[in-house]
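All chains should be modelled from the sequences, with the hints used to inform the complete structure.
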Amino acid sequence: MINKIFLAISLVSLLLYLYGILTSIINVEENSCKMTYMFEYPQFVKINFRENDNYPKYNLYAYSEGHLTENARNMYFNGAPVLFIPGNGGSYKQARSLASVALRKGVDNDWIQHLDYFTVDLNGEYSGLFGGVLEEQTQYIIHCIRKILELYKKLQNPPKSVVLVGHSMGGKIAQSLASRHEIMDSINSIITLAAPMDKPVVAFDYYTEKYYKDTEKFWSMHRKSFRSVTNTTNYCKPYKLKVDESLKGNSTDDESLRLDDKLLITIGGGSRDLMVHPGLTTSKFSDVHSMATKIPYVWLTTDHKSSVWCLQLIMTINRFLYSIVVPFQSKKQHYKGQGFVEDKEFRLKKAKWFFDPQKEITTHKEVLLVADKNNVGHWIEDSRRVFTAHFSKGINRTRFQMIRLIDNPLHKFIRIEAVNLDTSDWIFGCTANEIDGMQRYCSKGDSLTQYVTTFPSVKNRRMIFMMDLHKLKMKNPKWTHLVVRMIKTDDPFKLHIDVHDPGDRTLTISMPKWYTFQTEKLLDDTLMGSSIYYLKLKGMDETHQTIELNVKPRSCGKETHQAVAKICVPWTDGFERFHYFTESKTSPMYLNVPISKPQGYNTSKIPVNVELHLDPTCRYKISYRNSFSQTLARIVQQFSQWIPAHLTAILFLVLKHQITITPKDEHFKCGNFYAAIIKCSPFFIITASRVFVKLVLFFKFLPAPDAYEYSLLVSILIHGTSMAVLSIAIGIAWAGICFFGNTIHKILFKIIHFPIPTFSSTVIAIIEKFPMSVAVFLISLSMASCGAVGLLIASSVYFVIITKMYEEYLEEFVFKTAQLIAEKLFGGRRRKRETEENEERSQENAQGGGDGDGPNIETPMDAQVVARRPNGELPQDDEGEEGESETDNEEEIDRMLRESLARYKEQEEKTREEKKALRIEYDSILEGLSAINFHLSLSFLLLMTTLLNLPTVITWARNYSFSPLLKSDPSIYPAIVILVSLAIIWQMPTPRDLKWYSYVGNVFYVLAVVSVIYCQESIWRLNYLIAFAFAVIAIHQIFAPKFKASGKIDFFKDPRFQIQEIEKLLENPEKKKRKKKKKVNPEPGTSAQSENQFKEDEAVAGKNLENDDEETNNEMPE
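Residue numbers (the numbering used here): 1 to 1118.
Since the hints were derived computationally from the structure, they do not count as laboratory data. Please note that a few of the clues may not be correct.
[To be verified] Calculated cross-link-like contacts (lysine to aspartate or glutamate; reagent style EDC-like; alpha-carbon spacing at most 20 angstroms):
hint, residue 1, residue 2
1, 365, 381
2, 475, 446
3, 224, 345
4, 538, 548
5, 213, 1017
6, 147, 51
7, 1042, 665
8, 566, 583
9, 679, 923
10, 478, 434
11, 473, 366
12, 412, 501
13, 160, 260
14, 585, 548
15, 46, 150
16, 210, 135
17, 494, 381
18, 664, 927
19, 237, 504
20, 365, 425
21, 804, 927
22, 210, 136
23, 154, 70
24, 147, 135
25, 967, 53
26, 373, 434
27, 694, 709
28, 199, 209
Structure below.
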């Protein structure tokens, strides 16, 4: 029953996984990016240099447009250099959006400041899938940076460093470049776009993981400032009490901290980026991290490719780059050369201004509010806590709105929203102790504009000021009022003021269970005029958890309205997201976290925060529910790379079950794949792996496991999906073997067909009779090209071998079927003749005292079979004993028989259930299919490692024109081990009747656990586990001792026979007594007849039992 449950779970998991894929594709945010257009035709001018000869597949280009290209062709550059590095499968032409906008800006400011954009062509290599090219690309870009700076040497003031802009894996390369001593001083700042920084998206090979580890190690040793999250970290505080000193990054001359002056800015795309999810785009070494959703005037999500052409983001990046170019006093000086500011504190301040504006407590700047005491303006103090001031035609004189600072819980917090207010300095704190007629005023005030944030808006410009008034009063006890200054203007604007106690506006959400679907009402009606509510999400700990938040207006004072929701995760910085609720945008907001909470972090005390900035003219209904579809979608996006590890683990478990179902002293049979995948209890490997993780963590000398603190739901869904996928793949494989095997043979023979028929036939014959020769050829091919090529061809050859085995099985099946039909039709007379001969032989044996030939089996003589003597002889019947002693003996025998029967039944009951399933499965396996089952499982292991190395094959094929041998080949060692093992497995008649299959099965179980513990993130390790499994099988088939299955049955030791005979004896004791009496007073001739009859029964019983066992081993297909 439990096996059927596992099968049902796996099928449901697959359906849910497919539903998650569908949700990821369909239910995505709208792409609001504006396209970037070139003003003139873009030109990429190739830059040649000596070192380029060593890297023929790579190139360096300079960007220009139209008539400006002439300077680039003449290698004349005088701007600040920026180098663009493309990512996985990216093109050097992706730099044109950044470069074109920068070029236009340079033209607009008359070239006083401008940027020179360069870009590298990395041949479109898939560096995100194959890490073997990362080091080569890095070395080439080192030469490019040197060449770029060399182009400026003729200038009077040449730049000393470049800014690197890297997209996708190009961002990781940019970070690694800063860790190279030979080029470190030539890098000013680094900007990464949608780049996986601290962890790769997927690690198919060792080189990728090594590249990341080497970069992290160097940055950790040479950088003092990096982000660390503790159990009390809270990035969602209303404002910071002080500047984070660890990120100020003052320059230092200390050699060991040379990376402290490098500015690292990391930018993520958001939920639309399905290739690199947001949690991977940050780094603990980032000076500034910001999602595109948080960057002012961007406030949108970008997909992976649109990060390099989204106009809103491109404009912000170029504004920042221009802000850190060294300014010049006159127009003529820029011809001498331009460079970037070296002071990191200045660059960091600019970066935060453009990408991550933060509210920080600093000293307040005193401002003169009233210059002319004869014209102090209009000062208004309103006692209302919540109100809106709307000026549809502007104002004709300066107006000051005053908010009193009083020690009242209802006046604890303030939110002021200014819409279209045309002034940059408009909020102040002051002491209103001056009188002008009937109004009080402040001639001077301290500016609080540094606490103002620009807020996203669909149409109008919105600025928000939020402050704890009680804390502000404590720090400035002399202040009596907050003052909002509104200068004279003809343009319309609005002012929303909301003074409140946050406790009255705070709503708490406890994370619903993943299997709940009902909608929970959070608030049925908001307060009229209120502009903000606070939501606390408790229990949202993991990245896949998602809540669907709905904010629907119940009534509004106007047709157009706008509400904005903002989510902040306290243990991450820069991941704020915004969502609009308007009359046209009514879709719900999906709340989730980009990174799982740190271990030990208490989300009940420091929960995820959501701010609802509402339209004061509307009243809203707020509700939420668990979003099951988005939960599945996020599991698909973030955990799909686990599937190879779980597929491999299941294959190991299947193999373990297949090779251990053979009963003791029986011919070896390999179990059916479908039966094995159901009966091997594959889901238990999840709990087993979690137990083993604890052991691994206890023994410090063992390598650290992959990340393991994830929900059991994720593991079950991925494992069940893997199980279902594997089941479907096996079905497809069997269909291919049954229906397309002959076609594949013909295709193969055409491929290896040579012009000389004799030579072609010889090659085919060698392949069929000596498959080892194929493996030897593949080993040679792997060493001459790359290991993955040998694995790919070996997978095809293995499939052909299996189809050939199936053809031979069918031929044998047809032959045996014909033989059976002939036996049924023409074997009646022969069987009748054999029966008559047996009867005659039995009569002769009876007349000759039992000395004739008989069946060579040991059979019981009577019920005394269990009362044998120690030497094995049967006790002789003593005719002279008294009847009373016989009765005593009978009672003793009955007692012994009952005790023996009870013992046998107890033992049989214990093992029956355990062996019954295995025995049934063993008996159901057809002799010809055993070898096919064995090799089919091995072929799937081979196919798995082949698929894992497909990126290696693709890279080899793309670079074949440059070199037939792949230099950095992560697949070569596993491939050689696997191919050598296959040479042995293919050549020998495997599987054989050997001992120690149970030990090999235990090894497979350990490998399954290791696959789950160590290979979910580091997928490349699966290659070595699979290679080890093949080596174990090959060694076992060579060196394990053989055993010979016994064909003779000892009926006195067979429990089945003993139980049957004992039950017969105990069924009818009266008959047994009559039989004893007949033995005491035998009639003439009775003894010989009885003995003869017993011998015949003995032979028939023995033969029947032997036939039962033979029928078990002599399987024919149904």
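field: Numbers of the earlier hints that this structure fails to satisfy, in rising order
entry: 1
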